[in-house]
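Undergrad: Residue-level listing of the chains:
2 protein chains.
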Amino acid sequence: MDFDRRIERVLLAAIEPLSSPASPPGLLAATQHAVFPGGARIRPRLCLAVASAYGDPAPEAADAAAAAVELIHCASLVHDDLPCFDDAPIRRGRPSVHRAFGEPIAVLAGDQLIVLAFEALARGAFHAMASGVTDARRAVRFFEVLGGGVGMPQGIIAGQAWESEAKVPLSAYRRAKTGALFEAAATLGALSAGQDGAAWGDLGQRIGEAYQVADDVLDLVGRPEDMGKPAGRDGALGRPNTALELGLSGTTRLLQRLIQDAVEAVPQCPRADDVRSWAVELGDRLLRVCRGPSAALPTVSSM
Amino acid sequence: MDFDRRIERVLLAAIEPLSSPASPPGLLAATQHAVFPGGARIRPRLCLAVASAYGDPAPEAADAAAAAVELIHCASLVHDDLPCFDDAPIRRGRPSVHRAFGEPIAVLAGDQLIVLAFEALARGAFHAMASGVTDARRAVRFFEVLGGGVGMPQGIIAGQAWESEAKVPLSAYRRAKTGALFEAAATLGALSAGQDGAAWGDLGQRIGEAYQVADDVLDLVGRPEDMGKPAGRDGALGRPNTALELGLSGTTRLLQRLIQDAVEAVPQCPRADDVRSWAVELGDRLLRVCRGPSAALPTVSSM
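Which chain is which? The protein sequence lines are B and L, in order.
In this text, residue positions in the first sequence follow the numbering used here: the first is 1, and each later residue adds one.
In this text, residue positions in the second sequence follow the numbering used here: the first is 1001, and each later residue adds one.
Chain B extracted, bound-state conformation:
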């Protein structure tokens, strides 16, 4: 399944209406900088993989949902890199948005990306209705699912907010910080194909956890010039890191189990084997990170 071109095309289309002579140039450039060039685009890939499991009957809906998820992810990177959070100087091998454009523009660029995400999602939901794969009642679910993946109680914003609390429920923190948006991505893929979607949340969570574990390994052993971002941030910021807790071999075993769980979490659907293969392939790439990051870095960096 090669979704690269679909994803870049739909992200370009989502951001294109901002390119007006009436737009403030700094914010426009910062918003583009936050989205292109991208990282692994793993969340929109997951979304499209799930839609394809049902034959992708409304591809424009799936594309728009995939774009929405990736735009939210880009927004979260911009805001999480801010001085008041990680103060990250580098992202995807280039200066982070606030380093390149200043802190005010970085706050606004993140806001703009959230707005764009919901505009894209709306187009997706209405494409799904127009193509007859869903009705109005189910179309509301697009928004509930993305809102749930982003906001409180258990979305990525909640995950980030736990870092400001004295007592952090570790498992809820991890599910929220990374897993929630993967869960939304998988569920939206199914919704875009006219399915209920709830059955796909588990796959999303497992893929998200596996990705987080690989990111923890990279943070520990990766080279900044390969990863496109600084290493050792978790330790420096006092954040939980699975690889620090379990060691490399323990982490490898955890990752293997998570990928196996992901494969088993694929629900019954016309092309379940395609999704299982996709998950195994992704797992192989992540496992290469644990064995020696440089082999897998070009695809896993900038998550």
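By construction, these hints were calculated from the structure, which means they are not laboratory data.
Fair warning: there could be bad hints in the mix.
Quick list of in silico lysine to any residue cross-link-like pairs, SDA-like style, CA-CA up to 20 Å [what the hints assert, rightly or not]:
#: 1; chain 1: L; residue 1: 1167; chain 2: L; residue 2: 1245
#: 2; chain 1: B; residue 1: 167; chain 2: B; residue 2: 153
#: 3; chain 1: B; residue 1: 167; chain 2: L; residue 2: 1167
#: 4; chain 1: L; residue 1: 1167; chain 2: B; residue 2: 19
#: 5; chain 1: B; residue 1: 167; chain 2: L; residue 2: 1103
What follows is a set of in silico ranges between Cβ atoms, one per label pair, in the way DEER data are often shown [claimed, not checked]:
#: 6; chain 1: B; residue 1: 17; chain 2: L; residue 2: 1102; range: 33 to 43 Å
#: 7; chain 1: L; residue 1: 1166; chain 2: B; residue 2: 90; range: 20 to 30 Å
#: 8; chain 1: L; residue 1: 1196; chain 2: B; residue 2: 95; range: 43 to 53 Å
#: 9; chain 1: L; residue 1: 1087; chain 2: B; residue 2: 238; range: 25 to 35 Å
#: 10; chain 1: B; residue 1: 17; chain 2: L; residue 2: 1256; range: 29 to 39 Å
#: 11; chain 1: L; residue 1: 1223; chain 2: B; residue 2: 32; range: 40 to 50 Å
#: 12; chain 1: L; residue 1: 1012; chain 2: B; residue 2: 94; range: 36 to 46 Å
#: 13; chain 1: L; residue 1: 1020; chain 2: B; residue 2: 196; range: 19 to 29 Å
#: 14; chain 1: L; residue 1: 1083; chain 2: B; residue 2: 132; range: 48 to 58 Å
#: 15; chain 1: L; residue 1: 1102; chain 2: B; residue 2: 29; range: 49 to 59 Å
#: 16; chain 1: B; residue 1: 17; chain 2: L; residue 2: 1132; range: 29 to 39 Å
#: 17; chain 1: B; residue 1: 137; chain 2: L; residue 2: 1013; range: 16 to 26 Å
#: 18; chain 1: L; residue 1: 1247; chain 2: B; residue 2: 32; range: 37 to 47 Å
Quantities reported herein were computed from a predicted structural model and do not represent experimental measurements.
Ideal Cβ placement from N, Cα and C applies to all residues, glycine included.
Fit chain L to the known structure of chain B by using the hints.
TA: Only chain L this time, still in chain B's reference frame:
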């Protein structure tokens, strides 16, 4: 037209799902702090006033659209108060969100409010469809209109971003910074009643400009303890202020003209006189600000 109770009720309903034991307590409290108690709630009032001009045939849709606009406004206050923008210590008579909860939580609370706004809007759009006042094609307009009022090229985020530019096109800046969200509020009111909405943008822009002018007067002559925020910020931050440019009597004349323009901008509709009376009443309140702020402050503060 008394919309107070409708607006508070629907804002409470929008924010209620966040109140879960699973939510990080700081972010939850900060998000509530940003919305309650509110300011003048003028944007949702405008939205409901326009829906009522058509007999408010889908009140749940109008309520949800009104909530969406106010939640975006609250988000913009939280982010604009941040240290990297205005560094405002006080808002609506209480510590600003970042002063009360810290900067990371303030960034996240603003993000959460944008997400909540679009979730509310989705419910509004689908209520409008379910009640038969609109079809799927027109329902997409809800998102285009709110997205346009918020994002680039000419929404409030663009307005805020112009403050980071060396050369600022003053008229575009003003239209974007305040007018855009008022325009969206008016247009969404009409959409909620099954109308096209475009005819109402001018009214929104005029009301928004009038409000901005009154805010400029308050910034110049208001007492912080009455306004619920610091005075003299525009001068200190080098921002344009109409009252500084035109003086109090010139500003009063401008405000009178803007209200007259607003009254004339009310398009043909079944209850146009109600909206005109509403605009005149609002204008009287704003004019009292120019004559002596303390008379009007309880309703005009915390805009």
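Undergrad: Report the numbers of all earlier hints that the structure fails to satisfy, in ascending order.
TA: 3 and 15
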